[in-house]
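Student: Read off the chains here:
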Amino acid sequence: MIPSLLAAWAATIPSFAAPFLLATVGLIINERAGVMNLGAEGIMAVAAVTAVLINLGGGGAGVSLLGGVAAGLALSAVFAVMAVLLRVDQVLAGLVTFALGIGISGYVGDGSENQTISGISQLPAGAFTWAPKPLTGVLDQDVLTYAAFAAAILVWYVIEHTALGLRLRAVGEDAPAADAAGVNVAVYRAGAVLAGGVLCAVAGAHLSLVGSHLWVNGMVAGRGWIAVAMVTLARWNALRAIAAALLFGAIQALVPQLLSSGLNVPVYFIEMSPYLATLAYLVLAGMFAKGADAQPVDLGRPYLREERR
Amino acid sequence: MRKPIVSPRLAASPRLAAFTLLGGLGAGLLISALFLLTQGLGLSDLASQFLGYTFTDPEGLDQTLTRAIPLILVGLSVAVCLRVKFWNIGVEGQLWAGAMAATAMPLYHIGPEPLHLWIMCVAAMLGGGVWCGVCALARLRLRANEVVTTLLMNYVAYMLAQQLLYGAWRNPEDSFPVSRSFSPDECLALLGFGHVHAGIFFALGAALFCWWLCSLSRVGYMARAVAANPLAARAVGVPAGAVVLLMATLGGALSGLAGFTIVSGEEHKLTQFIGNDFIFPSIVIAYLARTSPLGVVVAAVAVAALYTAGDSLKAFYQLPGATVLTIQAILLLCVCCGEFLLRYRVDWVKTAKAAA
Amino acid sequence: MEHELPRVQRERLDEIIVPAVRLSGVEKSFGSRPALLGANFALEWGEVHALLGENGAGKSTLMNVLAGFYTADAGTLEVDGHAARFETPAAAAAAGIGMVHQHFKLVGPLSVLENIRLACARRAGWKSKAEALAAMQKLGGELGFHLNPQARVDEMAVSDQQKLEIMKVLLAGARILILDEPTAVLTEEEARAALGLARTLARGGRVVVLITHKLRDVLGFSDRVTVMRAGRTVIDAAPAAGMTAASLSEAMVGVTTQATVAPRTPHKLKPDMLCVMALSAPASAHGVALRDISLNVRGGEIFGLAGIGGNGQAELVEALIGIRPLSGGNILFDGVDAPPTPEARREAGLRYIPANRMGMGLFGELSLAVNIALPRLLGRQAERKWLVRRGWMNQLARDAIGDYEVAGAAPELPVRLLSGGNAQKLMLAREFAGDMSVLVAHSPTRGLDIRAVQAVQARLRAAAEGGVAVLLISEDLDEIMELSDRVAVMSHGRISPAEPVEQVDRARIGRLMLELH
Chain D
0 MIPSLLAAWA
10 ATIPSFAAPF
20 LLATVGLIIN
30 ERAGVMNLGA
40 EGIMAVAAVT
50 AVLINLGGGG
60 AGVSLLGGVA
70 AGLALSAVFA
80 VMAVLLRVDQ
90 VLAGLVTFAL
100 GIGISGYVGD
110 GSENQTISGI
120 SQLPAGAFTW
130 APKPLTGVLD
140 QDVLTYAAFA
150 AAILVWYVIE
160 HTALGLRLRA
170 VGEDAPAADA
180 AGVNVAVYRA
190 GAVLAGGVLC
200 AVAGAHLSLV
210 GSHLWVNGMV
220 AGRGWIAVAM
230 VTLARWNALR
240 AIAAALLFGA
250 IQALVPQLLS
260 SGLNVPVYFI
270 EMSPYLATLA
280 YLVLAGMFAK
290 GADAQPVDLG
300 RPYLREERR
Chain B
0 MRKPIVSPRL
10 AASPRLAAFT
20 LLGGLGAGLL
30 ISALFLLTQG
40 LGLSDLASQF
50 LGYTFTDPEG
60 LDQTLTRAIP
70 LILVGLSVAV
80 CLRVKFWNIG
90 VEGQLWAGAM
100 AATAMPLYHI
110 GPEPLHLWIM
120 CVAAMLGGGV
130 WCGVCALARL
140 RLRANEVVTT
150 LLMNYVAYML
160 AQQLLYGAWR
170 NPEDSFPVSR
180 SFSPDECLAL
190 LGFGHVHAGI
200 FFALGAALFC
210 WWLCSLSRVG
220 YMARAVAANP
230 LAARAVGVPA
240 GAVVLLMATL
250 GGALSGLAGF
260 TIVSGEEHKL
270 TQFIGNDFIF
280 PSIVIAYLAR
290 TSPLGVVVAA
300 VAVAALYTAG
310 DSLKAFYQLP
320 GATVLTIQAI
330 LLLCVCCGEF
340 LLRYRVDWVK
350 TAKAAA
Chain R
0 MEHELPRVQR
10 ERLDEIIVPA
20 VRLSGVEKSF
30 GSRPALLGAN
40 FALEWGEVHA
50 LLGENGAGKS
60 TLMNVLAGFY
70 TADAGTLEVD
80 GHAARFETPA
90 AAAAAGIGMV
100 HQHFKLVGPL
110 SVLENIRLAC
120 ARRAGWKSKA
130 EALAAMQKLG
140 GELGFHLNPQ
150 ARVDEMAVSD
160 QQKLEIMKVL
170 LAGARILILD
180 EPTAVLTEEE
190 ARAALGLART
200 LARGGRVVVL
210 ITHKLRDVLG
220 FSDRVTVMRA
230 GRTVIDAAPA
240 AGMTAASLSE
250 AMVGVTTQAT
260 VAPRTPHKLK
270 PDMLCVMALS
280 APASAHGVAL
290 RDISLNVRGG
300 EIFGLAGIGG
310 NGQAELVEAL
320 IGIRPLSGGN
330 ILFDGVDAPP
340 TPEARREAGL
350 RYIPANRMGM
360 GLFGELSLAV
370 NIALPRLLGR
380 QAERKWLVRR
390 GWMNQLARDA
400 IGDYEVAGAA
410 PELPVRLLSG
420 GNAQKLMLAR
430 EFAGDMSVLV
440 AHSPTRGLDI
450 RAVQAVQARL
460 RAAAEGGVAV
470 LLISEDLDEI
480 MELSDRVAVM
490 SHGRISPAEP
500 VEQVDRARIG
510 RLMLELH
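Chains as they are written, first to last, in numbering that gives the first Met the number 0: chain D, 0 to 308; chain B, 0 to 355; chain R, 0 to 516.
Hints were generated in silico from the structure; no laboratory data involved.
Every residue gets a Cβ at the ideal spot worked out from N, C-alpha and C, and that includes glycine.
Check the hints yourself; a few may be wrong.
[Claimed, not checked] Here are the computed lysine-lysine pairs in the DSBU-like style, where the Cα-Cα straight-line distance is at most 30 Å: (1) K84/B with K384/R; (2) K104/R with K128/R; (3) K104/R with K2/B; (4) K213/R with K104/R; (5) K104/R with K126/R; (6) K137/R with K104/R; (7) K137/R with K126/R; (8) K104/R with K84/B.
[Stated by the list, open to error] Chain B stretches covered by chain R per the calculated footprint, using a threshold of three residues with CB under 8 Å from any CB of chain R: (9) 219-225; (10) 234-244.
Excised from the complex, chain D in its bound form (with noise of 0.2 Å):
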């Protein structure tokens, strides 16, 4: 029985998995470039109620995912125009996003919730019975879930190893010296805080496209938030992103299964482990941070050129 609940619970841990990796690593964009957004939570939001919404209204689930992307991208312009251009607090203006897209989207969700779609399904049944027993489930998937992890080795590998990245990063560490190169902070800052909205829109979609095919107002349940919290756990870094957002989808997945299970566990305290696992990694890190610190060194401060620094 051991081995049959150990394979159930493994064939859900991806696409528990993949929205946070999303968003993970979407926030790892906006902060390598020195931009620290809290909007992810509100971000994903809109996005899920848009796809609902566009799914519900007839579209396929190619153009729901659409509809989500670009409803996301819409806040997270508002985001880089307030944060970017204007140059407000980075933490109050990732606060009005969130508050802008919870109200947005539970204001526009408010007769549809509840309402079950198609969304995107699993990949073909026969797809994967030429792989081994145990891994069948966990290899059965749908596309999203596979694209979240693609989306993660591509993310790394622009970052750390061309030239865009390179200037990313310089943008993150000392903007005035990447400024001083020739690299438009602005331009690179607003492009960060875009991409990383599309992929933390994606990971909204997700939500609803792939988890629970429908919506509910409050269903991003702090994902958002953990994002940020995933992004210090992961060290800035998208590959180990995946690492950070695989633990956190085993332990979210762990919850649906112990109650079916019927063992008597108390549930909160399950609940309560994923939050009191990312505090923990901080205390430990904290204690043991071997000097050189990950953390983009530019994170939050706001830069302009005719400072006289």
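We have chain D already, so just place chains B and R on it with the hints.
Tutor: Okay, now just chains B and R, sitting in the frame of chain D:
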């Protein structure tokens, strides 16, 4: 051809500061009003709901004042923390921690009966203070970002409360996830005007205390120094770490006190939903008040009025609950953007090429 | 001869030589503060051109305009005879202008090669990391620089960082190089090498601008000199051969400064007020470790600690204030162990003037009144604890402004609006209040105009005459020699034995600055 050059403003007059605040608020209110008008409200409806009902109608005023009590406290909480550049995103968690601590006192019969109320009050402040204080310690000692830690602590507190309400503290009589009701000794007395209770004295008293602390006591000036330049503050002899810890713990205690006023003044027991929807309003209030404790009182009453109006809009015009949050977001957005004019100046310069 | 220019062979006497660069009538203000009021500047190919002036004269600002970091409010610019206006540093780089700033514009956590690729890849047209590496190594060979491409910039020595900056501008195609205070952070030997390199580069068909305030660099290495004062050009491209130190400094400050050294009155010295014994402290990220430092300063004397910046002076000051943990040794105030906290040391009579007054001393955003009053609110002996009135603070500020002649000041004004000299006077006003017994002054006159320098030095002398033990740490050897009773040298975190100033020989001090390790 003219193009804009942005540069930081060296000195800003108080007139400009007031202008940008009021201008931002005005713009935000205008946009919100337009938004509501498109939802089917008439102009006179707007006026009567937002200005009339909330302040002149006894029922509306009752709701506004009652709601304002915890809002003043959480607004003070964020404001006090902001004075040392500590972002407190965890007022809900601290509120829950305070509420749980307060509830635990009568449930476990701690202390003599007549003093129960005061014991609950102190316990709430301790609970909330610790809930925020540990995050401050984590920032000071472990360089942990307080935005993330205070945020996560919200969830921990909420889950803990739910676990207790469904478990050990569940009301034995009807098995609902609420605690047993408090006895009159354990409740804040009503003041004879609707639901408004004695908690309002706690809230106003807290505001006065914070005003004295920030404007008249040396702690306030030490906090200013720490916020302006932490290195210079340490060098000149300000105990910077202690000041941050003190203000953060005070902030937590204020939110804990808010939890106390809710369980003792409104609900008379611990219920599942007391802590909802405080995070964003607390930030809005603290920011609109520009962290001034007395300003927080005004802003909190205004936000409370917004909620009261929102409730009746929901009842009479079927507007979804998310409306109030959206309006707050729009207001804060406009005020933030207005700040840009306060901190930076835009000069238009000609870009004509120099003659050969 | 050192000053001969390789003149372009003139075929005819009336052929006009097109200047490499000509700036005319440049104006620039920062908000309401004017920095340039009609400055002129002209460069010719093949020369080393010194741009001289005191701090605040506008030389860096003018060059920043040339290099595209600032945009001028008015004036014209011609490069090689063509009108130009640079909105960004990239535009100036495209025109062949590159600037090496005093505070390097390098991205610390990135590697040497990454910094070069970041700055030069687009201009140089490199398509791959390999191309960039090859170009870097080729240039390195030509210049005699050997930098590790993978090294992290913030872990390199300052002189290596400067070499990287120079390589960056050259690889980006700069033919007009601007070096802002290139020798400020170098030892004498490194400085000579850098200036020699500048000359070699210039002779090779480029032009090098040296922004400096060191008269010796000007007279020894440059072909022509431009002097700026208060935002204007007072000497426009005069040949260096015809200038003397006296004429240059007169142009810089406007009045001939008599080197007035007040006769040192023999004063009664109190016993050791400050005693440092075998002090050691570990190095922080990019700093220097303190090794076994011992010194003692008697009440009434000025102990001068000479040395090039970056050899542990800042660390020593922090250790004395109490914000840097020690790994060994002891600090005694008046024979008693110094208390552990900065607060308590202040109460015991310690005062300090940091080198970085806005970074570690004053609170730029807060008002004068709060800055002045703050120390009096601290500790057990605070003058006010629970009822701090604005009126009281404002009065303290007004007294300070009057006693110390702080110009352009009002109690409610934020301190960052004060000019350098006045901010320093405010710092003194704050620190000299109360019972001062030990004063640590780190580069107290750096960046100040002549009048402010004299005012500060007079206060230091007066403090010593009043019985205070003064530890003066300065990079300005003249200042040390003028003010101190005893002198020692700090280098690489160590201190030489102290000697009375009469017995000190400048040449030996210079060697000590380099040799101690």
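Student: Next, verify each hint and record whether it holds.
Tutor: Status of the hints after comparison with the structure:
1. K84/B with K384/R: Measuring from Cα to Cα gives roughly 23 Å; hence the hint holds.
2. K104/R with K128/R: Distance of about 21 Å is within 30 Å: holds.
3. K104/R with K2/B: Measuring from Cα to Cα gives roughly 27 Å; hence the hint holds.
4. K213/R with K104/R: 23 Å, holds
5. K104/R with K126/R: Satisfied, since the Cα-Cα distance of roughly 24 Å is no more than 30 Å.
6. K137/R with K104/R: Holds. K137/R to K104/R sits at ~23 Å (cutoff 30 Å).
7. K137/R with K126/R: 17 Å, holds
8. K104/R with K84/B: 29 Å, holds
9. 219-225: Our answer is that it holds, as 5 residues pass the Cβ test (under 8 Å) against chain R, meeting three.
10. 234-244: Since three or more residues must qualify, the claim that chain R covers the segment 234-244 of chain B holds, with 5 doing so at under 8 Å.
Checked against the numbered hints above, the structure violates none of them.
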